[in-house]
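Trainee: Below are the chains, spelled out letter by letter.
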Amino acid sequence: MTINIPTPLRAYTDKKESVSVEGTTVTEGLAALVAAHPAMQQHLFTPEGKLRSFVNVYLNDDDVRYLPAKEETAVSATDELTIIPSIAGGCCR
Amino acid sequence: MNATLEAPETATELPKLSNEEIARYSRHLILPEVGMEGQQKLKAAKVLCVGTGGLGAPMALYLAAAGVGTIGLVDFDVVDESNLQRQIIHSQATVGMLKVDSAEVMLKGLNKNTNIVKHNTMLTSANALEIFKEYDVIADGTDNFQTRYLVNDACVLTGKPNAYGSIFRFEGQASVFATEEGPCYRCLYPEPPPPGLVPSCAEGGVLGILPGLVGVIQATEVIKLILGIGEPLIGRLLLVDALGMGFRTLKLRKNPDCPACGTHEIKELIDYDQFCGIPKPTETGPLEVSSFSAVANLPEVEGIPQISVEQYKARLDAGDKPFLLDVREPHEYAIVDIGAPLIPVGQLASRIGELTIPKDTEIVVHCKSGARSQRASLILKENGFTNVSNLVGGITAWAEKIDKSLPKY
Numbered sequence: 001m002t003i004n005i006p007t008p009l010r011a012y013t014d015k016k017e018s019v020s021v022e023g024t025t026v027t028e029g030l031a032a033l034v035a036a037h038p039a040m041q042q043h044l045f046t047p048e049g050k051l052r053s054f055v056n057v058y059l060n061d062d063d064v065r066y067l068p069a070k071e072e073t074a075v076s077a078t079d080e081l082t083i084i085p086s087i088a089g090g091c092c093r
Numbered sequence: 001m002n003a004t005l006e007a008p009e010t011a012t013e014l015p016k017l018s019n020e021e022i023a024r025y026s027r028h029l030i031l032p033e034v035g036m037e038g039q040q041k042l043k044a045a046k047v048l049c050v051g052t053g054g055l056g057a058p059m060a061l062y063l064a065a066a067g068v069g070t071i072g073l074v075d076f077d078v079v080d081e082s083n084l085q086r087q088i089i090h091s092q093a094t095v096g097m098l099k100v101d102s103a104e105v106m107l108k109g110l111n112k113n114t115n116i117v118k119h120n121t122m123l124t125s126a127n128a129l130e131i132f133k134e135y136d137v138i139a140d141g142t143d144n145f146q147t148r149y150l151v152n153d154a155c156v157l158t159g160k161p162n163a164y165g166s167i168f169r170f171e172g173q174a175s176v177f178a179t180e181e182g183p184c185y186r187c188l189y190p191e192p193p194p195p196g197l198v199p200s201c202a203e204g205g206v207l208g209i210l211p212g213l214v215g216v217i218q219a220t221e222v223i224k225l226i227l228g229i230g231e232p233l234i235g236r237l238l239l240v241d242a243l244g245m246g247f248r249t250l251k252l253r254k255n256p257d258c259p260a261c262g263t264h265e266i267k268e269l270i271d272y273d274q275f276c277g278i279p280k281p282t283e284t285g286p287l288e289v290s291s292f293s294a295v296a297n298l299p300e301v302e303g304i305p306q307i308s309v310e311q312y313k314a315r316l317d318a319g320d321k322p323f324l325l326d327v328r329e330p331h332e333y334a335i336v337d338i339g340a341p342l343i344p345v346g347q348l349a350s351r352i353g354e355l356t357i358p359k360d361t362e363i364v365v366h367c368k369s370g371a372r373s374q375r376a377s378l379i380l381k382e383n384g385f386t387n388v389s390n391l392v393g394g395i396t397a398w399a400e401k402i403d404k405s406l407p408k409y
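So the protein lines, in turn, are chains A and B.
Using full-length UniProt numbering, you'd call the opening residue of the first sequence number 1 and step up by one each time.
Using full-length UniProt numbering, you'd call the opening residue of the second sequence number 1 and step up by one each time.
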């Protein structure tokens, strides 16, 4: 599957906009992403290993939180995961 | 054939347009989706722009041009020349003026009919509901998480839709939150990121054109909400990628457990600095400073001694030479440096081995403004360095107070 990386997190993926990983579920895909880019760990997961609540993960156009199997949803090679971070910028100096 | 010809019903409640206004808005009036009634709705509408910066600038300009009758502006800041890279509602001539006054000059210059209401204040839990209740639509163009949550909750509590936009570097987001049937900002982001984890634009930079793109999308959504036409971004998040020039929309769901719009657990506004884990803004520091968690003016923060640029200069003058470490990014180093070796904060943990100095060497860490160097100081401490201080205000303070020949960025 392809994981789309948003600009703020590209610093931790060697500037890659997307990363291709193997895995049959959302959880496996994210684990493979972190294995390839360990600096992503603290940005995506809490110290307890839970996905951080301000990081949204979309499987294609759907929020993983609202899929029946959530992070255990089956994923095929053609599926896309998109990480949506919180950004707050607007009128900064 | 029945020849009785009735005059179509006119919206008598709405304000009339003068002949001058009819001429001015003719390109709208000949659009059936806007028409006379739509233009009157725009004239009757009151829109609050929270922030008159990157997003607020293009938004307010287009809303004024379109004939929105009343535009409220919330900002407490003063125009700085560095704003002009993107905040096109201000100008060379208004540098140093209050942003709300500067914006009024430009808006009145564009449309003499627009009623401008200036709120020269920081939006807070104490004033938000009072301000919001006077308006029909709120457009959130702020720059920090505290105000984002404040605007959201105040919109939910007052029942006003929020035309939301947000930007970072080359990426933007837009949506319409807090309508009766749609999700709110908290449905998408139940909790803010911890301070320091997500850089602000002041730290991370932003392409000047991007807020133009996103602010105009917000203005479009505001106009659609007023006119009741098209499909506003309710329940959808628009992602804008300026580098790839790609636009994508993702589905958003209303979270039934959302404490704001789902369970309505949030019945009043809270302390948003505390909610976002951020120290209260100080009198000297505007909200932008606290938003990227610049450290407060204390002798010690999180166990790290804080050294001012004056103290550091005095040390140098006395012949002391603490080891100075710069933790900014290489592209910032290319703008200005004060001769320190560079290890970006994001690489510090993995490159710690490059610091071959004894662990008890006195180290002073600096960045641009003091926030990243605080983080770096903590990393150094975790790695066994025992004498680490953070340079308060960073290279910006050094350029302001010690070596005025240096550029500030």
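Please keep in mind that the hints were generated in silico from the structure rather than gathered at the bench.
All values derive from a computational prediction rather than experimental measurement.
Watch out, some of these pointers could steer you wrong.
Claimed, not checked - Not the full set, but computed from the structure, chain A residues with beta-carbon under 10 Å of chain B:
{"hint": "1", "residue": "T2"}
{"hint": "2", "residue": "P6"}
{"hint": "3", "residue": "V34"}
{"hint": "4", "residue": "A35"}
{"hint": "5", "residue": "H37"}
{"hint": "6", "residue": "A39"}
{"hint": "7", "residue": "F45"}
{"hint": "8", "residue": "E48"}
{"hint": "9", "residue": "R52"}
{"hint": "10", "residue": "S53"}
{"hint": "11", "residue": "V55"}
{"hint": "12", "residue": "N56"}
{"hint": "13", "residue": "N60"}
{"hint": "14", "residue": "D61"}
{"hint": "15", "residue": "P85"}
{"hint": "16", "residue": "S86"}
As the list claims (entries may be wrong) - Cβ-to-Cβ under 10 Å is the rule here; a few derived chain A residues that face chain B:
{"hint": "17", "residue": "Y58"}
{"hint": "18", "residue": "Y66"}
{"hint": "19", "residue": "G89"}
Beta carbons: idealized from backbone N, C-alpha and C, even for Gly.
Trainee: Determine for every hint whether it applies to the structure shown.
Mentor: Structure-based check of all given hints:
1. T2: 14 Å, violated
2. P6: 6 Å, holds
3. V34: Violated. Min distance 15 Å.
4. A35: 16 Å, violated
5. H37: Not OK, violated: A:H37 not within 10 Å of chain B, min 12 Å.
6. A39: 7 Å, holds
7. F45: 12 Å, violated
8. E48: With Cβ-Cβ at 14 Å, over 10 Å, it is violated.
9. R52: Check passed: Cβ of A:R52 comes within 7 Å of chain B, closer than 10 Å.
10. S53: For A:S53, the interface hint holds, since the closest Cβ of chain B sits about 4 Å away, which is under 10 Å.
11. V55: Given a least distance of 8 Å, the restraint on A:V55 holds.
12. N56: Check passed: Cβ of A:N56 comes within 7 Å of chain B, closer than 10 Å.
13. N60: 9 Å, holds
14. D61: For A:D61, the interface hint holds, since the closest Cβ of chain B sits about 5 Å away, which is under 10 Å.
15. P85: 7 Å, holds
16. S86: Cβ of A:S86 sits 5 Å from chain B, so the hint holds.
17. Y58: This interface hint holds because 5 Å falls under the 10 Å limit.
18. Y66: It holds, given that the least Cβ distance between A:Y66 and chain B is near 5 Å, below 10 Å.
19. G89: 4 Å, holds
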